[in-house]
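Same order as they appear, the protein sequences are chains A and B. So that you can map any letter, position 123 of the first sequence is 122 in numbering that gives the first Met the number 0, and since no number is skipped, the others follow by simple counting. So that you can map any letter, position 93 of the second sequence is 92 in numbering that gives the first Met the number 0, and since no number is skipped, the others follow by simple counting.
Among these hints, one or two may not hold up.
Below, computed lysine to any residue pairings styled on SDA-like, alpha-carbon distance capped at 25 Å [what the hints assert, rightly or not]: (1) A:K108 <-> A:A36; (2) B:K145 <-> A:N1; (3) A:K131 <-> B:K145; (4) B:K145 <-> A:M0; (5) B:K145 <-> A:D2; (6) B:K145 <-> B:P55.
Quick caveat, the hints were computed from the structure, so don't treat them as lab data.
Spelled out from the first residue to the last, the chains are:
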Amino acid sequence: MNDEQTITELRRAVGTAVQDHHLDPGAAATAWSAAHARRPRGRLVAAVAASVAVTAGGAAAVATWAHSNGSNTPTGGGSACGLTNAPLPTWARGGFSPDSYRTPHVVGKQGLIVAIPFIRLRVHQPPDAGNKVLWVSKAGYGPLRIEARLEGTSRTVVRTLPNPGPSYVDMPAAGCWRMNLSWSGRHDSVALRYYP
Amino acid sequence: MSEGDRAAFERFVEEHGDRLLHAAYGLCGDWQHAEDLVQPVLVALARRWPMVQTNPLGYAYRSLVRANIDRWRVVRRRPEVLLDPHELPAHGPSVGPAATEDHLLVLAALRRLPPRQRAIVVLRYLQDQSEADTAAALGISVGAVKSGAARALARLRSDHPSPLAEVHRER
Chain A
0 MNDEQTITEL
10 RRAVGTAVQD
20 HHLDPGAAAT
30 AWSAAHARRP
40 RGRLVAAVAA
50 SVAVTAGGAA
60 AVATWAHSNG
70 SNTPTGGGSA
80 CGLTNAPLPT
90 WARGGFSPDS
100 YRTPHVVGKQ
110 GLIVAIPFIR
120 LRVHQPPDAG
130 NKVLWVSKAG
140 YGPLRIEARL
150 EGTSRTVVRT
160 LPNPGPSYVD
170 MPAAGCWRMN
180 LSWSGRHDSV
190 ALRYYP
Chain B
0 MSEGDRAAFE
10 RFVEEHGDRL
20 LHAAYGLCGD
30 WQHAEDLVQP
40 VLVALARRWP
50 MVQTNPLGYA
60 YRSLVRANID
70 RWRVVRRRPE
80 VLLDPHELPA
90 HGPSVGPAAT
100 EDHLLVLAAL
110 RRLPPRQRAI
120 VVLRYLQDQS
130 EADTAAALGI
140 SVGAVKSGAA
150 RALARLRSDH
160 PSPLAEVHRE
170 R
């Protein structure tokens, strides 16, 4: 196969993949508003919400970003709402076999709690699946309060679990959810992405 | 900025918005990440509109490529792995119902290219940019675009279980 044939096949494949994906008609207006929103003075963080809806065969995805007044450029490159497959902290390994220490997870910013999703988190799960998340705290027990905010918006939801442990945590919309966690006098925060 | 600036910006996005989204998808191979790439670029474009309006597409491409490389560097340092035991391993990003297995293999091969080679392929052949415009977007020489493109195409054909060669043989 020569270069021309390779390019033709590439175009065909990508063309099929993108044909049903479109930028939301309101994206321009949203971006303009976000770009020219008035920012507060001082060290306050200015959160600018810019949302784009992409429709593809009925599925919708929402992407947002936040802009800090300490930076002249948008964060770009994604919302840092991912998991890691680094080894679990030693205090979070209870119940895991050594070959599972790299199970995908996110450690709280304060290092006091770990969230371990058992499944790709979705707004709409199949009937036989659920948004199971294992919460492992370094210390402390008792009710775990989750105050979650959809990144780039003011939309918040509150969940309360009996204690850090296995749970089903559903969110009403797709996107990156910033979660403030409180339990037994302790506080930490994580971000978890929910897919449509 | 004037209402005229705003109207011009909105016309630009209406005309090229899909193209930018598709370019972002080609660069990163995932629709979620593609949206995350495009949004800040649109906002930056809007903020700088008077300065970039002579070539907003070039500015947008440069920004997308830079943002994708920045993202790739972060991911490489701290790999993001999504656990999804109830789904088949992803060949790559989600595709529409018309996708065939051949298409999925081609997309997977594209995703496996190094970021710079992928960017060259996306801009030159999928976005139909000239060698000069591709070079400008990537901040490299035209010669580097040519050699990068040649290497990328060769790699697409030979690096993997020859998805493109197989596609050709079956036709």
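Discussion item. Let me make sure I understand: some of the numbered hints might not hold for this structure. Which ones are they, in numerical order?
Written reply: 1, 3
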